[in-house]
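Undergrad: Now for the letters of each chain:
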Amino acid sequence: MGLKPLLTKDFHTENLVKLAVYEKTGGYAGFKQALGMQPDELVEMVKKSGLRGRGGAGFPTGNKWSFLPKGVYPRYLVCNADESEPGCFKDRYLMENSPHQVLEGILIASYAIGCNLAFIYIRGEYLPQHEALESAIDEARQAGYLGKNVLGKGYDIDVILHRGAGAYICGEETALLTSLEGYRGEPRLKPPFPAIKGLYGKPTVVNNVETVANLPHIVLNGADWFKSMGTPTGSGTRLWCMSGHVNRPGNYETENGTPIRELIEDLGGGVWKNRKLKAFQPGGASMMVLLPEHLDVGLDFDAIQKAGSLAGAGAMVVMDETTCMVDAARRYVKFFHHESCGKCTPCREGTFWMANLFDRFEAGEAKTTDVDLLLDIGYSIDGRSFCPLGDASTWFPRSVIKFFRDEFLEHVSEKGCPFKKSAQEAVA
Amino acid sequence: MALARPTVEEIKASAARYPSKQSAIIPALWAAQHEQGYVTKEAMGEIAQILDLPPSLIEATASFYSMFLTKPEGRHDVVICVNAPCFLRGADEIVAYVEHQLGVRDGQTTKDGAITWHSTIECLGACGGAPMMQVDHRYEENLTPERIDAIFQRLRTEAPHDTKARGVAPGEGAARPSASATEPVRRKSPKRASH
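Chains as they are written, first to last, in our numbering: chain U, 1 to 428; chain G, 1 to 195.
Source of the hints: derived by calculation from the structure; they are not laboratory data.
All values reported here derive from a predicted model rather than from experimental measurement.
Heads up, a few of these hints could be off.
Ranges between beta-carbon positions, derived for each pair [to be verified]:
#1 G:G103 <-> U:T25: 44 to 52 Å
#2 U:Q305 <-> G:R105: 37 to 45 Å
#3 U:D372 <-> G:K111: 48 to 56 Å
#4 U:G201 <-> G:A13: 18 to 26 Å
#5 U:Y73 <-> G:M1: 38 to 46 Å
#6 G:Q153 <-> U:G154: 52 to 60 Å
#7 U:L373 <-> G:D149: 40 to 48 Å
#8 U:G26 <-> G:R147: 33 to 41 Å
#9 G:N142 <-> U:E23: 32 to 40 Å
#10 G:T157 <-> U:K367: 51 to 59 Å
#11 G:Q108 <-> U:F59: 43 to 51 Å
#12 U:G144 <-> G:A16: 20 to 28 Å
Don't be surprised by glycine CBs; every beta carbon is placed ideally from N, CA and C.
Kindly generate the complete structure, drawing on both the sequences and the hints.
TA: If you want it as structure tokens, here you go:
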């Protein structure tokens, strides 16, 4: 199946960030067409297309839109550009290469849900991408794509670009809304879901960058065309962010359902240094590890879930035979501990104790019983924390214990990391 | 040190744009850091006055986010990612090399005031170019010792050029003594602590 550039098809075009160039590639034709449709028609079209959210959970976008209560205004669209899941760098790529495509998607989504003020919440670290979006918004405003009475169709829309300031938790939609309201970025209880009570207590839709970037193409080519790509429950394409021990890391847009083997071996050029594949992790830091026996699984939400992991936000972290799985898990656990907002006890204390135990393994001070202690802490966090950050902090380490328990025991018997030496040779 | 007039105007303008003035807190903190290099308690008090909100609210927000600095740092900011995808491609060795070349520890500033460096476990979203570091908010990817040497050479001789990113006003020096040096420096947010 190979590459299937849809969102990335014009990325080779010089100056695509400029409005005039973007328009030449067909840019804003989707928005113009959308303005000629009834908002309800658009919602139905996106429902029918089978587009699922690309931010991680894979929730059907059209359904999300249709949850907004009738007749309650104002309502808001928030584009989640707070990409910070370790292993993911696709939204950054979309924003820096084609900011207008993202903006056009936002305008279409806003019109469809009846929103007159949209927000882009972009992570603070993404400054060049912030600048790209900022000038795209300026250009679009001058061209009359946003502002009052857009293109003479009587629709008003403005977009505020809001810069975050460093907090992974703000990628979680309710924490993002809290942060956008100026508070510490702590998550809120659901329900009520943002569709009912979101930003400023008003009905709100939060959509990921890649999700909205699909919209101009769906509007122009139709729901059936979009549905003809991918799998029955996963229409379209996705950007996969490949990193780790592959020859050619980077972003690859493929049709949903493409075997993982093709992504890693063909597009990524296989495992580097002629080494063997030990494991890989789809989705991002949160997701469970998979093994070479899972290489023929398709790149698709449902297929990956069936294999025991999750497609998440589209990361693909490849690990070769020299990788210390304990240390890889240790990094992620320390990350979650660092990023825990501290609101709920299971996550705040649990990630602390998991990080502590992982350091013991690394330092050669762990006991064999500590492996089960880790699992025990994991069970105490998962399903008991306030938001998915806590739950997700346990998934990768628990899957590593399931498949690589021996490595933990080796850290105990050898009083330290048995891979340390070979890992150092790997980067020499 | 009071906030400059353009900064105050910027804060007022963003407060007017949002449906709730409270949403202007983070933009206001960015504006203050942009002008003064870091966010002082005094600046937070001033933001509270401009927005007519309690100072405790401004401080609560500021302390949550790792990118707001509460003390002056070097002219240039270097942040190295050590999360798993970067670790797989040698981030630990890059950290060791940087520490050796700069001669100061994680979180410290070189003696000439040119560079403050941190390692961070917060993924910066450049896993495809690992190992990587962020230099004044511009990403430097596929690092090698040679590339790091060239970057540091440039930073040592260069004034801060990327003021918006770095949060230092044009022409301002770096680790300069703060006008509010007598003010107790608020403890840095624990979230900034590297890992």
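Undergrad: Where does the structure disagree with the numbered hints, that is, which hint numbers, in rising order?
TA: Hints that this structure does not satisfy do not exist here, as all of them hold.
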